[in-house]
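4 protein chains.
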Amino acid sequence: MIPFMPTLTPFRVRYSETDAQKRAHHSHYPVWFEMGRAEYCRAKGFDYRAMEEGGVFLVVAKLECRYTGSLRYDDLAVIETRLVRVGRRILEFSYRVTESSSGAVAALGSTILVPVDEAGRVVSLPDDVFSLLTPCTEEEPAPVPSLSDISLPSGG
Amino acid sequence: MIPFMPTLTPFRVRYSETDAQKRAHHSHYPVWFEMGRAEYCRAKGFDYRAMEEGGVFLVVAKLECRYTGSLRYDDLAVIETRLVRVGRRILEFSYRVTESSSGAVAALGSTILVPVDEAGRVVSLPDDVFSLLTPCTEEEPAPVPSLSDISLPSGG
Amino acid sequence: MIPFMPTLTPFRVRYSETDAQKRAHHSHYPVWFEMGRAEYCRAKGFDYRAMEEGGVFLVVAKLECRYTGSLRYDDLAVIETRLVRVGRRILEFSYRVTESSSGAVAALGSTILVPVDEAGRVVSLPDDVFSLLTPCTEEEPAPVPSLSDISLPSGG
Amino acid sequence: MIPFMPTLTPFRVRYSETDAQKRAHHSHYPVWFEMGRAEYCRAKGFDYRAMEEGGVFLVVAKLECRYTGSLRYDDLAVIETRLVRVGRRILEFSYRVTESSSGAVAALGSTILVPVDEAGRVVSLPDDVFSLLTPCTEEEPAPVPSLSDISLPSGG
Numbered sequence: 037m038i039p040f041m042p043t044l045t046p047f048r049v050r051y052s053e054t055d056a057q058k059r060a061h062h063s064h065y066p067v068w069f070e071m072g073r074a075e076y077c078r079a080k081g082f083d084y085r086a087m088e089e090g091g092v093f094l095v096v097a098k099l100e101c102r103y104t105g106s107l108r109y110d111d112l113a114v115i116e117t118r119l120v121r122v123g124r125r126i127l128e129f130s131y132r133v134t135e136s137s138s139g140a141v142a143a144l145g146s147t148i149l150v151p152v153d154e155a156g157r158v159v160s161l162p163d164d165v166f167s168l169l170t171p172c173t174e175e176e177p178a179p180v181p182s183l184s185d186i187s188l189p190s191g192g
Numbered sequence: 037m038i039p040f041m042p043t044l045t046p047f048r049v050r051y052s053e054t055d056a057q058k059r060a061h062h063s064h065y066p067v068w069f070e071m072g073r074a075e076y077c078r079a080k081g082f083d084y085r086a087m088e089e090g091g092v093f094l095v096v097a098k099l100e101c102r103y104t105g106s107l108r109y110d111d112l113a114v115i116e117t118r119l120v121r122v123g124r125r126i127l128e129f130s131y132r133v134t135e136s137s138s139g140a141v142a143a144l145g146s147t148i149l150v151p152v153d154e155a156g157r158v159v160s161l162p163d164d165v166f167s168l169l170t171p172c173t174e175e176e177p178a179p180v181p182s183l184s185d186i187s188l189p190s191g192g
Numbered sequence: 037m038i039p040f041m042p043t044l045t046p047f048r049v050r051y052s053e054t055d056a057q058k059r060a061h062h063s064h065y066p067v068w069f070e071m072g073r074a075e076y077c078r079a080k081g082f083d084y085r086a087m088e089e090g091g092v093f094l095v096v097a098k099l100e101c102r103y104t105g106s107l108r109y110d111d112l113a114v115i116e117t118r119l120v121r122v123g124r125r126i127l128e129f130s131y132r133v134t135e136s137s138s139g140a141v142a143a144l145g146s147t148i149l150v151p152v153d154e155a156g157r158v159v160s161l162p163d164d165v166f167s168l169l170t171p172c173t174e175e176e177p178a179p180v181p182s183l184s185d186i187s188l189p190s191g192g
Numbered sequence: 037m038i039p040f041m042p043t044l045t046p047f048r049v050r051y052s053e054t055d056a057q058k059r060a061h062h063s064h065y066p067v068w069f070e071m072g073r074a075e076y077c078r079a080k081g082f083d084y085r086a087m088e089e090g091g092v093f094l095v096v097a098k099l100e101c102r103y104t105g106s107l108r109y110d111d112l113a114v115i116e117t118r119l120v121r122v123g124r125r126i127l128e129f130s131y132r133v134t135e136s137s138s139g140a141v142a143a144l145g146s147t148i149l150v151p152v153d154e155a156g157r158v159v160s161l162p163d164d165v166f167s168l169l170t171p172c173t174e175e176e177p178a179p180v181p182s183l184s185d186i187s188l189p190s191g192g
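From first to last, the protein sequence lines stand for chains A, B, C and D. My numbering puts the first residue of the first sequence at 37, with every later residue one more than the last. My numbering puts the first residue of the second sequence at 37, with every later residue one more than the last. My numbering puts the first residue of the third sequence at 37, with every later residue one more than the last. My numbering puts the first residue of the fourth sequence at 37, with every later residue one more than the last.
Chain A on its own, in the form it takes in the complex:
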């Protein structure tokens, strides 16, 4: 396993995730990002549930998402997840959601997570988790899309 490789997590858009515009509602992308993150951690040997059982939780401190396309019911899509920053008290992941058959990118996103204890106080990542994840970002596998400004969809 090459540590810094992104993971690819496939999923199908559920009917309950669509909205009256017949597209997936924008609030489900953070849920998909979280699925991608879970599979990323599993692939790197990091058992998130075990860490929680040990009293350390990751909370999302910041979320960004740029919607560059859309997904319909039953579309097969893929979440590409990268770990772009690791610190004792911070993890940053980036995500790309792509519709499988067309290759069209539906969304780009990122989340910053912070380890906390049961009372919600910021703590340090357990050493084993820190050691496991640190090599995952030592080389940048691809330019991470900048989210700092918005390029609107072209059209009409």
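Hints are computed from structural coordinates only; laboratory data are not their basis. Be a bit skeptical, because a hint or two may be false.
Same chains, same label: a pair holds when it works inside one copy or across any pair of copies.
Below 16 angstroms or equal to it, Euclidean Cα-Cα: the simulated EDC-like pairs (lysine to aspartate or glutamate) are [said to hold, decoys possible]:
{"no.": "1", "residue 1": "K80", "residue 2": "E135"}
{"no.": "2", "residue 1": "K58", "residue 2": "E88"}
{"no.": "3", "residue 1": "K80", "residue 2": "D153"}
{"no.": "4", "residue 1": "K58", "residue 2": "E89"}
{"no.": "5", "residue 1": "K58", "residue 2": "D111"}
{"no.": "6", "residue 1": "K58", "residue 2": "D163"}
{"no.": "7", "residue 1": "K58", "residue 2": "E75"}
{"no.": "8", "residue 1": "K58", "residue 2": "D153"}
{"no.": "9", "residue 1": "K58", "residue 2": "E154"}
{"no.": "10", "residue 1": "K58", "residue 2": "E128"}
Predicted model only: the values in this text are computed from it and were never measured.
Fit chains B, C and D to the supplied structure of chain A, relying on the hints for placement.
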């Protein structure tokens, strides 16, 4: 009605919105922002549903959220919604979610929305909507929180 | 306060609750039932959150829902909640969801709930809760809709 | 392919699907049932999305669910889906959700669905769909759990 005034939308955290950390899951904040936006539009006399029935839809092109606190089941909270930018092809709203009894800010966010037609092509806002919303941003009622960098919760 | 009176909880259908059929997705009705139940308990002086903090939780053991109409985005609706059975180890609520402007019934439902401890073992309701809720069902205010057989929507 | 065989659809419990009791919230089971139904239809050669594009929609007319266990975050579970009744204007499915590693049944459910047109009027199933699904129920592969009365979880 003073056009540029923010709207305040109260809501209670539903049990279904909590997660295993006994706090509201971060993916519900975009849903609450949308509720705040709906009430904002209603308060300004803009009937969003009627616009959709006329064939113009608003899609979220960008979402940002900084989580600065948390909410528990049954907490009464308020969404403070502001319109911070209006163009023919862009609307930007900002949001502040506050727990009512303590006044603690749980999250700050913003969304950029773009008007599209049924086929998803960007179109111009209908004239009446544009005219109605433009005065709402003519004066800035309060500094809008910058989301460009993250200040982590203090602690540990 | 008349103990056995149903409670009426108003809510608006959120955009995120619609689906590609431009109606509220059927999975949100259980969430609305839960909202109705929360407000019912609050109205009767039963603080559900406090009971949970004391280590007793209510879990849903059975859910039934008959969909007799539909709701659209931004519809104002009302949940009418009744407590139809109280035992030491069982509570049964019934619900009616009505679209406000037309009075059309969108759904009828019921849930059976069981008190459990943190480990998920069935326990008895705390005495104060049992005493508080028992009078709420002593008279039947209206025929509770039978859910035992399905009458299909008429049409075509 | 043996027509009347149930389908087995695996899924993992998402963090966003948990609630403050650290178990999956009961409102997600109808969503999982729908996933099971979608995969059932796909396995039998019935393209639901194509039927919708042709103007026929299935709406849920009745839902029942008995919760006999629970699921935690990241549990791997399986939805076993059966078609138990087919008529020109009615379809009934039953579901069993099982936690994979223990084999414990988390829930049993059923849904009755009715074909409608875009205006919501009941219509007949298209002939090809009716012909495709009818053989799927000609033999009953296993006793379908009765949902007519509730057996409470034992305990305390």
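- Checking against the hints above, which ones are violated? Numbers 1, 3, 6, 7 and 10, in rising order.
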